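Assemble the whole structure, with the sequences as input and the hints as a guide.
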Amino acid sequence: MSDFSTNYISIYFSALLFNEVKYINTLGDLQNIENALKGKTNIAFSYVRAIGTPEHRAVMEAAFVYGTTYQFVLTTEIAILESIGTEDIEYAHFYFFHCKPVSDLTQQCRRTLMEQPLTTLNIHRFIKTMEAPLLTEVAEDPQQVSTVHLQLGLPLVFIVSRQATYEADRTTAEWVAWRLLGKAGVLLLLRDSLEVDIPEHANVIFKRAEEGMPVEFLVLHDIDLIISRVESNTHMKETQEYEDNDMEGPDMDIQDDEVAETVYRDRKRQLPLELTVELTEETFNATVTASDSLVLFYAGWQAVSMAFLQSYVDVAVKLKGTSTLLLTRVNCADWSYVCTKQNVTDFPVVKMYKEGENPVSYAGMLGTEELLKFIQLNRISCPVNITSVQGAEEFLSGELYKDLITYSRVSVLGLFSPTMTTAKEEFTEAGKHLKGCVITGVYSEEDVLILSDKHAVTLPALLLARHQEGKIESIPLANAHVQDIVQIITNALLETFPEITVENLPTYLRLKKPLLILFSDGSINPQHKKAILTLVKEKHLDSLTPCWLNIKNTPVGRGILQVYFDALPPLPLLVVVNLHSGGQVFAFPSDQAVSEQNLLLWLKKVEAGLESPITILPAQEWKPPLPAYDFLSMMDAAASQHPPKKIPECMKETDVQENDGEQPEEKSAIRNEPTGTLRIKHWSRSNWFGEAKKSFAYDNKEL
Amino acid sequence: MGLSAAAPLWGPLGLLLTVALHPALSLRSARAWAPRHHRDYCVLGAGPAGLQMAYFLQRAGRDYVVFERAPGPGSFFTRFPRHRKLLSINKRYTGKANAEFNLRHDWNSLLSHDPQLLFRHYSSAYFPDAGDMVRYLRDFADKLGLPVLYNTTIAHVTLNKDRRAWNGHYFILTDQKGQAYQCSVLLVATGLSVPNQVDFPGSEYVDGYESVSVDPEDFVGQNVLILGRGNSAFETAENILGVTNFIHMLSRSRVRLSWATHYVGDLRAINNGLLDTYQLKSLDGLLESDLTDLAIVKDRQGKFHITLKFFLEENNQSADAITLPQDESDNFAMRVAYDRVIRCLGWNFNFSIFSKSLRLSSGGEFSKKYPLVRASYESKGSRGLFVLGTASHSVDYRKSAGGFIHGFRYTVRAVHRLLEQRHHDVPWPSTQHPITQLASAIIRRVNEASGLYQMFSVLADVVLLKENATAFEYLEEFPMRMLAQLESITGRQARHGLFVINMEYGKNFSGPDKDVFFYDRSVGHTEDAWQSNFLHPVIYYYRHLPTEQEVRFRPADWPLPRPTAIHHIVEDFLTDWTAPVGHILPLRRFLENCLDTDLRSFYAESCFLFALTRQKLPPFCQQGYLRTQGLMGTESLRQHGVESGLLRDYAAVGWRPGDSGQQPGSQGPGRQPLAPGPPIQHFDGNKEEL
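Going line by line, the protein sequences match chains A and B.
Mind the numbering: the first sequence is residues 1 to 703 in the UniProt record's numbering, read in order.
Mind the numbering: the second sequence is residues 1 to 690 in the UniProt record's numbering, read in order.
Rather than coming from a laboratory, the hints here were simulated on the basis of the structure.
None of the hints are false.
Derived SDA-like pairs (lysine to any residue); straight-line CA-CA distance at most 20 angstroms:
id, chain 1, residue 1, chain 2, residue 2
1, A, Lys268, B, Ser644
2, A, Lys100, A, Leu113
3, B, Lys616, A, Arg510
4, A, Lys512, B, Thr628
As the structure is a prediction and not an experimental result, all values here were calculated from the model.
Written out as structure tokens, the structure reads:
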């Protein structure tokens, strides 16, 4: 894909478009096409002053995308435009001819003129509104209603109707809808069945495209007032944009960081902060030395740490009155030096301070459950020193820490004879590393042989008690160092066929193997589970990480399936996702039963390259979502007395970094800008096009 | 400043005597060669700058000594300012707990780890008394146990070449008793100790600021002429304004008001009572003329007349016969006779103790009163000689605060950091962060850092990017004009690009003739941030470390060479740059576009989705979620996310098998709010046509 040259694309591209776009010279040509397409296809007719102008390019780009859906007709003859009654002819016009609904050949196709300047984005936006239903009937809270118009930055107009006047209202609404086509979305709102409060006399509701704006309830007795309302609104917006130097495209001032936005929207909620102790420069040392404390270091202005503060407070609520551990917090925006002294320079950080021990940083997920687990498992020392065989048996059976085994599905007991001091130290050290993750214990009494004999293992050794399965494994530990022991225990914590969740996926991704995922709506079918476990046992799945995902527990799984499948077959679904090399996704045929044989056969075919992937995950780099203000050019412009340019073209030649990114064709396209072939100017504005080109290139390779 | 203070009444003659004595002194010190004490670091002067340096040397455990000719520290303040009111503000309340931030409004404290050694514990006055400063400095030296040799006047400093020395030479200091000290590094913190005198005929009739009476009674019913237009001139005028007939002030250039120039050394509003009475037609007045053209003539009644030097040279006449300007132009402004003329022309650095071999020359860009130093405060003439404190102000004279305690406490620290790297292999302190913390690290500093705020456009923070921009190092308060030498000065590597974080006033905002109160002076829109006028953060991005040439030939009025990209955080009335959309969002976009990556933060669920639907993850997910440190979020946050459209409520997604693939993860790379799904179907069609 990557060796696709720009030129190849553009040559190929023009050849393709040659058939898509009809060039016409006379009004007669236009009428012929119009007549031929009545009842069949809508027409996208455009006038451009000359071939090769930016407007021409914009039309061609649109034709590339929509050419199979609409007949694109292009002219450079101004006379044609005059004859269809256009006034104020400037350098370009774009019309949409609604020919498809026309059944009577004598009837003319309705025409809608695009009023915005001819750019790729505007055409795209315009066509999208042409595709949208002319009039939609709704019976829900207008504040909640969203249509394609809002996404395109256009307002919505609701005509409020009652059962009694429905017919007349609908006629009015349709009429308004035609007038506002391409400028706003028009909906008919049936208020009778509506629970939301609408002012008694309001007959029109106006909803702006800007997020967070309340809907306006209006009383308008003249249809023209509705139209002018919308037009003045768009006009206002346009003049604003013009004032802002013709800024087109997305608004850089709109928050697109989900954490920042959600924290901001939640800013007025009162958190029960009183359940955590706020520490200051004066109280910090005294507090953390006086009692075992958990400290959250955060910064009031940093969204991520404020989001986590909520989980932290949730933990405090859950632990209220049950824990000896003091939950505290330091706002580093206020107590900067305290944080620096504690070596905290990033936010958020959680540290546990215990008497006589070095503070331990929490390294788990920033969420309530995981932090709770860390706190609970920290109640016991790590490892716990067991002093009797009976104690060891209770430890292994889970009796000893009954209330903790929900947080640690495995208990690890190190067995050493009293003379094995080094091995024991290594284990103890490893235990400290795993503090808060797993329950560990150590047994090194004289009678340790009772245990090692019972579990048939030579000393030094580990006993792993899996509480859920009620199984105890034994692992010899000869010459293992701290890191080895940590590794052994961490691996032991992994399950052979886990239910994958948001929390545990990272631990399984570390294995760097392709995932074999069974998507299930609810709990897993026991037969499927059995089939996979059998394959695991027979070592057929060693090169994969088999797991399953419960859509009910992890609803985001739906989002994943929507990426994998164009049309979604019923669940359960089995897929192999090759995340780490290539990104291919293979789907187990949904018409086959999930049996050992079928699965094995299919996996072999996948492995042999005989199956074709249902999709390939994009390998795109994460680029800036939007451009930044180019203050440097604004300053230059001011210095040279030229009007400043507000938005930079995203990647200037000098901005192209040396990494070999994913879209060399796009970059080279930008570099060659002046040569005048069809190109993308702003990737951020016409990403839809970039995506299209990519899949296009891929298709071509296959041919 | 320290050296000056023991001086009794400086008369012009006294000064001349001192200067004349110097050749003799140097001869004597050359003879007194014998036992020599060695110190790695010698600090000259126990004023604020000397003590500040001593503190850092002490904390680093270095071999050093401080010389002070007075019996105690800060002796300048025992006498000056004459009217005892310090112009440096002692703001004890800011409404904030952040101690670093509060230093922004504490212009008197030195830096130390001891919160008791803050000036607010020494005075409750907003403009404190100079006596409190003396008391504060004494406590600072005593409580921290700084070794100062008091009553030790270094009379002569010379250079002794020695290949074993750190800098290829030692500095040899000789005190008044002939005792010699050998120093590897010399830190000169002697302040400006010599009153500035302009030589013109009649200058002997002039009272100096340093010795003129401060008792208003002595000026009752007098016509007073004050030479100079700085704070000492106005301070002197203020004191006698109510008892004189009138006061005229004469200086070469127009008055510079600090609130117009944003330079604390210019005339402060607290002293400008005379401007008020002048403009309100109360007989007082300001005049501009070059003093070197003037002459003062004393008549028989002992009154003083102003004339031009030019007339005196014409003919050698008796006092009464000398031509006065009013003889030719009868409305000459200064045609009245004065009872008194007072000189308030500021201070000069005392060059006299430094031997020629040190090549410590005078003459900065604007003024000859300071020794010439590099932007690293090292003398241009001899390596290893650094000028600290007020005397180091040539670097930012009339620009920033380097001549004042609240500024030079930071430049002294910068010099100390440089020395630690140069002689002890201790690299410039820095913190390491993952790239996802970049905006956060910058926001933290611009909101609290005092060094950046006081020493705007002189000291700047530097972010050094690591390979592939996955991590960065943060260095604080680096002398920005030394940027080209950053690697050798700091011992840190700058191979993968860097950001420089500076604070700046608007380019054409400050100046003696500027109206800083013009309507619409403040900028509120993020896209106009570059036009911000008040002090605001500016971030420069360089793909490569600039060269010395580039720094030297930087554009006029620019503190740094032209960067690859620049960002201004819009000025803020509260100097609180933490607004999510107004301040942080544009900064993130800037950083993202410089680094060509996506620096947004994501909840764990989004990272989970990306991890299973994309081959690459955004840095936040890579550095957080994938390392099992994802941000889980809470239900109420998720609700907000769904309402904002940034998160999808998958639980509520209609579940019809056969649903056509909607584009998920609308936050994907290159996402734009209006992005529709890629029209893949169309291309299947195209394929067939091929």
